[in-house]
Amino acid sequence: MDKHLRAFIHFLSEEKRLSRNTLESYERDLAQFISYMNQKPHIDDIGAIKKTDVAQYIMHLKHLGRAPSTLSRSIVSIRSFFHYLLSNQRIVMDPSIEMEAPRLEKKAPHVLTVEEIERLLNAPPNGTLQGIRDKAMLEVLYATGIRVSELISLDLNHVHLDLGFIRCTAGNGRERIIPLGRIAAVQLAEYIHEARGKLLKGNGEEQALFVNQLSTRLTRQGFWKIIKKYAKEAEIEHEITPHTLRHSFAAHLIENGADLRSVQEMLGHADISTTQMYMLPSKRSMKDVYEHAHPRARLT
8 MDKHLRAFIH FLSEEKRLSR NTLESYERDL AQFISYMNQK PHIDDIGAIK KTDVAQYIMH
68 LKHLGRAPST LSRSIVSIRS FFHYLLSNQR IVMDPSIEME APRLEKKAPH VLTVEEIERL
128 LNAPPNGTLQ GIRDKAMLEV LYATGIRVSE LISLDLNHVH LDLGFIRCTA GNGRERIIPL
188 GRIAAVQLAE YIHEARGKLL KGNGEEQALF VNQLSTRLTR QGFWKIIKKY AKEAEIEHEI
248 TPHTLRHSFA AHLIENGADL RSVQEMLGHA DISTTQMYML PSKRSMKDVY EHAHPRARLT
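In case it helps, my numbering puts the sequence shown at residues 8 to 307.
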């Protein structure tokens, strides 16, 4: 069964162009599934797996106390795997065809208020190399909504300050063009012209936009420490994550009238339903929306 798993992961990587993290998730889920099936004496090949075997595996995960989100992800992985096998005539019947993932409660992502954003963006000190760099990073994150992994993957040639945009490549290799706000552009220009060269310390071969004190590309862990530090200094009481500025970017755009399709494109979401979750924390009350939008809602 392992050879089928390897072929499936290769298919997802080469044909579907999924990100590394997504590939690792599929491989981990399916390796656990195959390991469980290998313990059953009547299963000597992938085609011998029946619906009852798959159902027993899901019950096994439930007994282990796996969260609904983990169960849902595992079911999606298993269904995708068997769909691939059936499409490529490796099996004659799909034992997962009637499986349904558990319904998950959509949780609104945590979003900072505009006032909290202002405090966070103003936390880096002026006049220091690290402060100039950190302020530019935070401004770019909030101005574009890119992921932290995308931020630290930016190279200098991905920035087009004269035209006011950056080119961003996601983990699946898809590139998107994202507008860069005026304030973020000013801060980024200051970093590039005043701080980046000094942080590089003569390492002119480094292409990374944001570099650390070792004159190499800033890591995700390095950024995580930076944002935690400034969140504390800005007296933000909520738990902050590397995605907090991305969530806040999307919610604030929608709250101020941006259409979902544009926000979806900027965030790089494949499905607009993913973008819709940002309407949950940002939408005004139904009464407020009605009174604001309907021409005959008010007397004056």
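These are calculated hints, taken from the structure and not from any lab test. Be a bit skeptical, because a hint or two may be false.
[Said to hold, decoys possible] In the BS3-like style, the derived pairs of lysine-lysine whose C-alpha atoms are separated by at most 27 Å in a straight line are:
id : residue 1 : residue 2
1  : Lys205    : Lys236
2  : Lys47     : Lys57
3  : Lys58     : Lys10
4  : Lys58     : Lys69
5  : Lys232    : Lys208
6  : Lys236    : Lys208
7  : Lys47     : Lys69
8  : Lys58     : Lys47
9  : Lys47     : Lys23
Comparing the hints with the structure gives:
1. Between Lys205 and Lys236, the direct Cα distance comes to roughly 23 Å. Compliance with the 27 Å bound is thereby established for this hinted pair.
2. For the proposed pair Lys47 and Lys57, the alpha carbon gap of about 12 Å is at most 27 Å, so the pair holds.
3. A C-alpha spacing of about 21 Å is found between Lys58 and Lys10, which places the hinted pair at or below 27 Å, so the restraint holds.
4. For the given pair, Lys58 sits about 17 Å from Lys69 by alpha-carbon distance, which is consistent with the 27 Å threshold.
5. For the hint linking Lys232 to Lys208, the alpha-carbon distance of about 23 Å falls within 27 Å, and the restraint holds.
6. For the hint pairing Lys236 with Lys208, the CA-to-CA distance comes to about 25 Å; that is within 27 Å, so the pair holds.
7. As the CA atoms of Lys47 and Lys69 are separated by approximately 19 Å, the hinted pair is consistent with the 27 Å bound.
8. Proposed proximity of Lys58 and Lys47 is supported: the alpha carbons are some 14 Å apart, at most 27 Å.
9. Note on Lys47 and Lys23: the hinted pairing is violated, with a Cα-Cα distance of about 32 Å set against a maximum of 27 Å.
Consistency note: the structure conflicts with earlier hint 9 alone.
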